Amino acid sequence: MLEKTGIPTDDDLEKVIPDKERLAKGPVVIIECFQKIPCDPCAIYCKLGAIKPFKDINDLPQIDFDKCTGCGICISSCPGLAIFVIDENYSDEKSLIQLPHEMLPLPQKGEDVYALDRDGSIIGKAKVVKVLKVKDKTNIISLEVPKSTAMKVRSIKVEGRNQ
Amino acid sequence: MKKTDIAIIGGGPAGLSAAIYAASLGAKITLIDDGLELGGQLIKQTHKFFGSEKQFAGIRGIDIAKKMIQDIKKYDNIEVIANATATGYYEDEVITIVQGVNGDILKKLKADRIIVATGATENMLPFINNDLPGVYGAGAVQTLMNLYGVVPGNNILMVGAGNIGLIVSYQLLQAGIQVAAIVEALPKIGGYLVHASKIRRLGVPIYTSHSLKEVYGTDCVEKAVISEINNNFEFIPGTEKELQVDTICLAIGLSPFSDLLWQAGCQMKYIPELGGYVALRDDNMKSSLKNIYIAGDVAGIEEASSAMLEGQIAGLNAATSLGYKCDNFIKLNKSLKAELKELRANPLSEKVKIGIEKALIKEGRD
Chain U
1 MLEKTGIPTD
11 DDLEKVIPDK
21 ERLAKGPVVI
31 IECFQKIPCD
41 PCAIYCKLGA
51 IKPFKDINDL
61 PQIDFDKCTG
71 CGICISSCPG
81 LAIFVIDENY
91 SDEKSLIQLP
101 HEMLPLPQKG
111 EDVYALDRDG
121 SIIGKAKVVK
131 VLKVKDKTNI
141 ISLEVPKSTA
151 MKVRSIKVEG
161 RNQ
Chain B
1 MKKTDIAIIG
11 GGPAGLSAAI
21 YAASLGAKIT
31 LIDDGLELGG
41 QLIKQTHKFF
51 GSEKQFAGIR
61 GIDIAKKMIQ
71 DIKKYDNIEV
81 IANATATGYY
91 EDEVITIVQG
101 VNGDILKKLK
111 ADRIIVATGA
121 TENMLPFINN
131 DLPGVYGAGA
141 VQTLMNLYGV
151 VPGNNILMVG
161 AGNIGLIVSY
171 QLLQAGIQVA
181 AIVEALPKIG
191 GYLVHASKIR
201 RLGVPIYTSH
211 SLKEVYGTDC
221 VEKAVISEIN
231 NNFEFIPGTE
241 KELQVDTICL
251 AIGLSPFSDL
261 LWQAGCQMKY
271 IPELGGYVAL
281 RDDNMKSSLK
291 NIYIAGDVAG
301 IEEASSAMLE
311 GQIAGLNAAT
321 SLGYKCDNFI
331 KLNKSLKAEL
341 KELRANPLSE
351 KVKIGIEKAL
361 IKEGRD
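The listed protein sequences correspond, in order, to chains U and B.
If you're matching positions, the first sequence starts at 1 in this note's numbering and goes up one per residue.
If you're matching positions, the second sequence starts at 1 in this note's numbering and goes up one per residue.
Just so you know, these hints were derived from the structure itself, not from any lab.
Keep in mind that the hints are not guaranteed to be accurate.
Subject to a maximum C-alpha distance of 27 Å in a straight line, what follows is the list of computed DSS-like cross-link-like pairs (lysine-lysine) [as the list claims (entries may be wrong)]:
| # | chain 1 | residue 1 | chain 2 | residue 2 |
| --- | --- | --- | --- | --- |
| 1 | U | 4 | B | 241 |
| 2 | B | 341 | U | 55 |
| 3 | U | 4 | U | 36 |
| 4 | U | 137 | U | 20 |
| 5 | B | 73 | B | 54 |
| 6 | B | 66 | U | 135 |
| 7 | U | 25 | U | 4 |
| 8 | B | 54 | U | 47 |
| 9 | B | 54 | U | 137 |
| 10 | B | 188 | U | 36 |
| 11 | B | 54 | U | 36 |
| 12 | B | 341 | B | 331 |
| 13 | U | 55 | B | 334 |
| 14 | U | 67 | U | 15 |
| 15 | U | 36 | B | 353 |
| 16 | B | 337 | U | 52 |
| 17 | B | 351 | B | 362 |
| 18 | B | 341 | U | 52 |
| 19 | U | 67 | B | 241 |
| 20 | U | 135 | B | 73 |
| 21 | U | 55 | B | 351 |
| 22 | B | 341 | B | 362 |
| 23 | U | 133 | U | 109 |
Okay, the calculated bits of chain B under chain U, using three or more residues with CB under 8 Å as the criterion [stated by the list, open to error]:
| # | region |
| --- | --- |
| 24 | 30-36 |
| 25 | 180-190 |
Being a predicted model, the structure only gives us computed values, none of them experimental.
Using N, Cα and C, we set each Cβ at its ideal position, and we do this for glycine too.
Extracted from the complex, chain B is given alone in its bound form:
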């Protein structure tokens, strides 16, 4: 059976960062990713990133992915298993991997450390006719449009004014597609207001305290009904509006994709502030199991910039825990954590900070 020092599951911003960091210290890395190409959601992000200049702020997501993939290629000690899914983890530290378009290649891998950076899955919304063709998740819209150059629809209703809803609306406009409106169930826009303002300037209305009630159509979406909602998220009768749209794009939130961590037996906890069930972890991103680390959205739904920092912390700590030397380890580990703390030192990150506090295995208790 194949052996590796560190298996990293997921090649998005967190997994790539972890791989680069751990490989730079000499650890043998096996990076498993289900995409046809590495980069996770980064390769669909045509907008410039926020964050600090040090962590690629001002650079478009797609270009960040290109840069990180180039870095990965520089290391002989990183092996990439692409187009593959890690399907299980067993007590003898063996990961099973299913590879190929038909899923007919089965591989086994023994790893001393595992960094789970599997990201998140999209949440679904219950409404009448939500199974009609033309109802998409925002991730699918981005994949069609930004990876494959396929127009997902002609006139779109975006559900959700978090950063994903706002950014995907902007990308749709850039692709020449009409965005009829953005509805947001909460009374306030959840994403960055600069994103909201730039879409507003292009004439797209944003309806806060509104939700999608119903969709009509025979073979596909032909019309949507939105309605105002009260503080208990109940529709207010008489406030309905009809929109002639052929596509519904759902951007109503993400849930950590934590199945593998459950199966491995990590201590899990439901933390709504982090988007769902997450593994408890210490501040080095180590889970309750000494050989499993986590990073990115699977550890709690956040921005790509924090995912990259968590990946760096996990990579650094996983590699040094195996005895790989890092001359300035203490200083570096501290400064990465300080940078992460700084990223979260704003009002929008309050919830995340509460969530992380709940998920933290504090020193001494470990």
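One chain only, chain U, in its complex shape:
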């Protein structure tokens, strides 16, 4: 249970993951935000109206997945580092995950890093295909992962780092 462990359950995740059809179309946002707290930057940063404007600052993000292009602008806006963009249409075997990363040193483009799941366990190695340095220092890592792990991998560990 999320409130005890800090790890969202399958039931929690079901509420925020788009349906298979939308996933198959390409990049789309997944916001793993399950608790009402006063926070609204994601809805303000989204210029496409895909994250619907909040009525109350404590609202959970509501997403219109058809409007979301997976642009990723929202990823670094989230103070909770809870926003990911998943592209299941990336290649036949691989999905592409964009995830927020605030650890140094940053991985290099092309580097293999450990892919971690929501409890920090190593799932395997994955290739970093892009490192987007963001001015506000929440950088965005694009990671190539086997399709079967796209809904599991949510963090990385760079080799040789004491994390």
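Please arrange chain B on chain U, whose structure you already have, making use of the hints.
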């Protein structure tokens, strides 16, 4: 003796907000702060803040402090007395101030209004060997690490899964320090779950319904024993775990730092939902004494975002009570209060709301 319109005691998020608001209306402000630099706890906060876009959400605490300090510098009518402690308040409206590293400069200041924004102090936990070197409060860990660039330890046990425990754990990981575990006495994580999830993803276990039982070491911390606890917060025998850690970081809560308000003779009340003894206040943040206002953690332990709003309300009301004009005062005062109410309109703020209700001096009774 030096005279000022409004003395603001404490230069954290609440005090800085109050100073900027009151100064913008023309009041002469004297801001007294014990830090070497202004900003209070903000200058140690490397994470992005929650709250509303209007109140700096998405901006890191340290950058919020920079912005507010720049604003303070724009006003000629704000005087800052830094590295100084307000040690007393007397009936003739005189504040005594001790300044300097050695505390050898004594100043007196007469102020028509005082805004007390002194923040909070950290709570301590009783356990065996809690006086060993290597046992820190979370504030000290942040000061060493984020202000001075000093590693506080190599392998840490965090006690407390409120926002401070979670955030400081994350900052420790960012500094390349191992966090062995986070223990939390309550059955649920108290801080924001997004913070908990982001630490969890980096492999740090969070043990709820657990507490620190004992610490071992000859000259410093070498080992910690944690144990599960029952609903009465008693250790459950046989559930102990040993952790090889060299540092214990306590983040088990804060208490309002209200000594000055006691001494001034404000009506005080013990309100557990607000973290301890607080001054009763009206919704303009005025205490039971007409010239003393309060804002921030000293008024009740909350987030920095609400401290800033309380500071703005206190600054606005203190300045207008002295006759400084604010054209749209009623509208502005209302909208600040509405914003504060909105910040608290979530389940995590239930306790705070109950506490504030108990601390409120309602109209008519004043």
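Status of each hint after checking the structure:
For the hint linking residue 4/U to residue 241/B, the alpha-carbon distance of about 18 Å falls within 27 Å, and the restraint holds. With a C-alpha separation of about 14 Å, the suggested pair residue 341/B and residue 55/U falls inside the 27 Å cut-off, and the hint holds. Our distance criterion of 27 Å between C-alpha atoms is met by residue 4/U and residue 36/U, whose separation comes to about 16 Å. As the CA atoms of residue 137/U and residue 20/U are separated by approximately 33 Å, the hinted pair breaks the 27 Å bound.
Simply put, residue 73/B and residue 54/B have alpha-carbon atoms about 21 Å apart, close enough for the 27 Å limit, and the pair holds. Note on residue 66/B and residue 135/U: the hinted pairing holds, with a Cα-Cα distance of about 16 Å set against a maximum of 27 Å. For the suggested pair residue 25/U and residue 4/U, the alpha carbons sit about 35 Å apart, so the restraint of at most 27 Å is broken. For a cut-off of 27 Å, the pair hint linking residue 54/B to residue 47/U stands: about 18 Å separates their Cα positions.
Note on residue 54/B and residue 137/U: the hinted pairing holds, with a Cα-Cα distance of about 21 Å set against a maximum of 27 Å. For the given pair, residue 188/B sits about 15 Å from residue 36/U by alpha-carbon distance, which is consistent with the 27 Å threshold. Of the pairs offered as hints, the one joining residue 54/B and residue 36/U holds, with about 18 Å between alpha carbons and a cut-off of 27 Å not exceeded. A C-alpha spacing of about 15 Å is found between residue 341/B and residue 331/B, which places the hinted pair at or below 27 Å, so the restraint holds.
Among the hinted pairs, residue 55/U with residue 334/B is consistent with the structure: their alpha-carbon atoms are about 19 Å apart, no more than 27 Å. Restraint check: the Cα-Cα separation between residue 67/U and residue 15/U comes to about 18 Å, which is no more than 27 Å; the hinted pair holds. A hinted pair counts as satisfied when its Cα atoms are at most 27 Å apart, and residue 36/U with residue 353/B qualifies at roughly 16 Å. Between residue 337/B and residue 52/U, the direct Cα distance comes to roughly 25 Å. Compliance with the 27 Å bound is thereby established for this hinted pair.
Annotation: proposed proximity of residue 351/B to residue 362/B holds, straight-line Cα distance about 19 Å (limit 27 Å). Of the supplied pair hints, the one linking residue 341/B and residue 52/U holds, its CA atoms being roughly 22 Å apart against a limit of 27 Å. Using a Cα cut-off of 27 Å, the hinted pair residue 67/U and residue 241/B is violated, with the two alpha carbons roughly 50 Å apart. The straight-line distance between the Cα atoms of residue 135/U and residue 73/B is roughly 26 Å, inside the 27 Å bound, and the hint therefore holds.
Only pairs whose Cα atoms come within 27 Å are accepted, and residue 55/U paired with residue 351/B is accepted, the gap being roughly 23 Å. Proposed proximity of residue 341/B and residue 362/B is supported: the alpha carbons are some 16 Å apart, at most 27 Å. Distance restraint check for residue 133/U and residue 109/U: the Cα-Cα separation of roughly 12 Å lies within the 27 Å cut-off, and the hinted pair is therefore satisfied. For the region 30-36 of chain B, the stated coverage by chain U is violated: 0 residues have a C-beta nearer than 8 Å to a C-beta of that chain, whereas at least 3 were required.
For the region 180-190 of chain B, the proposed coverage by chain U is satisfied: 3 residues have a C-beta within less than 8 Å of a C-beta in that chain, meeting the threshold of three.
Checked against the numbered hints above, the structure breaks hints 4, 7, 19 and 24 and satisfies the rest.
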